[in-house]
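Visitor: Chains as they are written, first to last, in the numbering used here: chain Y, 238 to 556; chain D, 238 to 556.
Note that these hints are calculated values from the structure, not bench results. Misleading hints may appear alongside valid ones.
One copy or any two copies: either way a pair holds, since identical chains are not told apart in the list.
To be verified - Simulated pairs of lysine-lysine, DSS-like, Cα-Cα distance not exceeding 30 Å: (1) K536 / K316; (2) K417 / K240; (3) K417 / K521; (4) K536 / K266; (5) K240 / K536; (6) K266 / K521; (7) K269 / K442; (8) K240 / K269; (9) K266 / K251; (10) K269 / K316; (11) K536 / K269.
Quantities reported herein were computed from a predicted structural model and do not represent experimental measurements.
One-letter residues, chain by chain:
Protein chains: 2
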Amino acid sequence: MKKHVVGIDIGGTKLATVVADTAGNILNKVRKPTLAERGPEYARQLLFDMVHETIELAGLERTAISAIGVSCGGPLDTKTGIVYSPPNLPGWDALPLKSQLESEFEIPVTIENDANASALAEYRFGGGRGYNAVLYMTMSTGIGGGIVLDGQVYHGANDSAGEVGHQILLPDGPLCGCGKRGCLEALCSGPAIARRAQAAVRNEKASATTLLDLAGGHIESVRSEHVLEAARQGDALALRLVEETAYYMGWGIANLVNILNPDIVLLGTIAIAAGDLLLNPIRKTVSEFAMTRPAEAVKIAPAQLGEALGDLAAVALVV
Amino acid sequence: MKKHVVGIDIGGTKLATVVADTAGNILNKVRKPTLAERGPEYARQLLFDMVHETIELAGLERTAISAIGVSCGGPLDTKTGIVYSPPNLPGWDALPLKSQLESEFEIPVTIENDANASALAEYRFGGGRGYNAVLYMTMSTGIGGGIVLDGQVYHGANDSAGEVGHQILLPDGPLCGCGKRGCLEALCSGPAIARRAQAAVRNEKASATTLLDLAGGHIESVRSEHVLEAARQGDALALRLVEETAYYMGWGIANLVNILNPDIVLLGTIAIAAGDLLLNPIRKTVSEFAMTRPAEAVKIAPAQLGEALGDLAAVALVV
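Construct the complete structure from the given sequences, taking the supplied hints into account.
Guide: Structure below.
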C-alpha cells in the first residue's frame, strides 16, 4: 500500500508543495512565490518542478505517491478539476489543473477550494475532530467558509456552498469585493475592519491617539492588527471597533447557526489572533440572535491549525 | 415483504392518519380535530384510535404495516422520538411519542418535524424529485424550512437545522414570535404581511380602497390573501406590499443560496397561491443579492404537493 501523498497549496502570493504520510505528518516542504502576474503557464511549470522536487527530497519515487491534493482559491469545479478565475490568480480562466497534473504525474488528483479544504483539515486534524457538523470560517482578507458534514465537504449544487462571507446583512452598507453591499465580508474582513477603524479615527481624532500611534501616525496605515493591539491596551475607541466587529460576526454566525445547526464554528486568522477579546462578544451576540436550541448546541472556537493550515488543507483532501 | 405504511400528521388544529403503499399512494385517511386545549393525553388516545381505524378501513392487519411515520410540529428529537413543547401543541412537554406509539402498535416509528418531513415529501413525490440539494420553505403562519441533501433530511447537531425563517434581516425590525426582532418570519409570514398591510392602509387611507373593500371595510381584517387579490387587480398599494415581501424573501433566500448552494428552493402556501406575482420579484432579488455561481445554479419554484403535503410528509419518512 502506498503510504504517502502530495499536497499543493496554491495562493495568490505563494505556492507550497509538501509530501506527507497518510496520518497527515508533513515530511518536507517546498515553497516559492506564485508571481501571479506572470500568469498560469509560469505557475503551472513552477508547480510541476516543485512537486518533483518535494518527492525527491522525501527520498521517494513518484510511484510511491498515492494521490495529490490541491487546495486553491475558487471558484472551481471539483469534478472536472477546472479552476475558474480566482480573484487572486489573474489569468487562471478555465484552467484544467486536475487533468494537467494527472497527465504529468500519473497520480490521481483531488482539487478543492481553499476554504473547503481548510474546513476539512480542521475536521481531520484540528478543532473539528469528532464533530458531525463543522463550519469553518476564515476571517482575513476575505471571509470564506467551508462546511464539513459527516466527514465530507458539503459542496452544494455547483461547488459554491459555504459562501458565508457573502450573506448580506446591510443592503445599504459598504461595498464588498463581490460587487454587492453590506456582505459580512464587507464589514468584518481585515480590510473592512481597517476601513471602519480609519473612518473612526478620522471622525474622532481626539480619542484616536493610541490607534494613530500604533499606525505610525498615518490614518491610512491603520489596520485590523492595530485595532486588536489598541483594544488589548484598553483603548476605548478600539474596544468599540472590536465590539462592532463582534456584533456583525455574531449576527452572521447566528443566522448560520439557525440554518445549519452546526456542532462547532471554527474561526480563523483574525479570530485566532484576537482570541476571547473578539470571541466572547461574538458568543454573546450569537446567543442573543440565534434560536435557543441550536445556540445551545454550538461551540464557537478559534481554528487550531494555525500556520500549518495551508499544507494540511491540501493533504486532508487525500488522506 | 410488508407493502404498507401508516402516516400520522399532527397539527395544532387537526390530526390525520393515512395508510399508504410504499409508492406513496394514499389508500385511505381519517381526520379529526386535535382539540389541542384538551392536552396531550386526549390527543394521544385519539391518535391511537385513529391509527387502528385507518388500518382497519384499509382492510389490513396491524402486522401488515411495516412502519409508522409521524410529522409533527417541532422542536423534537428524532433519535429518542421525544416532542418538546411545539408552540401549537400546549402541554406536549417532553412527550415520548415514538415510544408510546411503538408500545401500542409494535411497529417501528420515525418521527420528524413537519417542515423537514414536508421537505422530504417534496423531494420524494413533488418538486424536489431528482435534485441533490433541496431547500423547502413554508410561507404561511410562520416561515419554516427543511433541507434535504442526497435524499436525506439534514438535521444538524440537535435536529434544529433549517430554521431559515429565523435568520435576522433587520435587528431593529418587527418583533417575531420567537422573541427576536426582524426575522424573515416577522417580515414575510402571512400574519407579518397582514400587519404590514394594515399599517399601510392606516397610513395611506386614500389609496387603500381596494384592500379595505376586500377586507369588508375593516382595517384589522386585512390579511395576506387580500393583498394578493388586490395586487392581481393591479392595485398600486397592494403591488408595493407584494414587492416589499418579495424583497425580504429574496434577500433571505439569496443568503441561503450563498450558504447552501441548493439545486432548488421550493416555496409553499402563500408562494403557491401568489405564483409568479410573488416568485418573479423574488427571483429578481435573489439574482441581485446572491453570488453569480450559486444564483445561476438554483431554481426557485412553488412547492408541488399542495393539499396532499401533510399526509405525504408523514408517509415520506417511511417509504
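Visitor: State whether the alpha carbon distance between K417 and K240 is at most 30 Å within one copy, between copies, both, or neither.
Guide: neither (46 Å within a copy, 53 Å between copies)
Visitor: Reference check for the pair K536 and K316, CA-CA at most 30 Å: within, between, both, or neither?
Guide: Between. Shortest inter-copy distance 21 Å satisfies the 30 Å Cα cut-off; intra-copy 32 Å does not.
Visitor: Could you figure out if K240 and K269 sit no more than 30 Å apart (CA to CA) within one copy, between two copies, both or neither?
Guide: within (26 Å within a copy, 64 Å between copies)
Visitor: Which holds for K240 with K536 at a C-alpha limit of 30 Å: within a copy, between copies, both or neither?
Guide: neither (34 Å within a copy, 44 Å between copies)
Visitor: With 30 Å as the alpha-carbon cut-off, assign the pair K266 and K251 to within, between, both or neither.
Guide: within (13 Å within a copy, 65 Å between copies)
Visitor: Since the copies are identical, ignore which copy is meant and state whether K266 and K521 lie within 30 Å (CA to CA) inside a copy, between copies, both or neither.
Guide: So K266 and K521 fail the 30 Å test inside a copy (41 Å) and across (48 Å) alike.
Visitor: When no copy is specified for K417 and K521, does a C-alpha distance of 30 Å or less occur within a copy, between copies, both, or neither?
Guide: both (28 Å within a copy, 14 Å between copies)
Visitor: Go through the copies and call it for K269 and K316: within, between, both or neither, with a Cα cutoff of 30 Å.
Guide: Answer is within; shortest intra-copy Cα gap is 27 Å, inter-copy 51 Å.
Visitor: With 30 Å as the alpha-carbon cut-off, assign the pair K536 and K269 to within, between, both or neither.
Guide: neither (37 Å within a copy, 43 Å between copies)
Visitor: Taking 30 Å as the upper bound on the Cα-Cα distance, should K536 and K266 be classified as within, between, both, or neither?
Guide: This pair counts as neither: shortest intra-copy Cα distance 33 Å, inter-copy 44 Å.
Visitor: 30 Å Cα cut-off: does K269 pair with K442 within a copy, between copies, both or neither?
Guide: Classified as neither; 42 Å inside a copy, 70 Å across copies.
Hint compliance for this structure: hints 2, 4, 5, 6, 7 and 11 are broken, all remaining hints hold.
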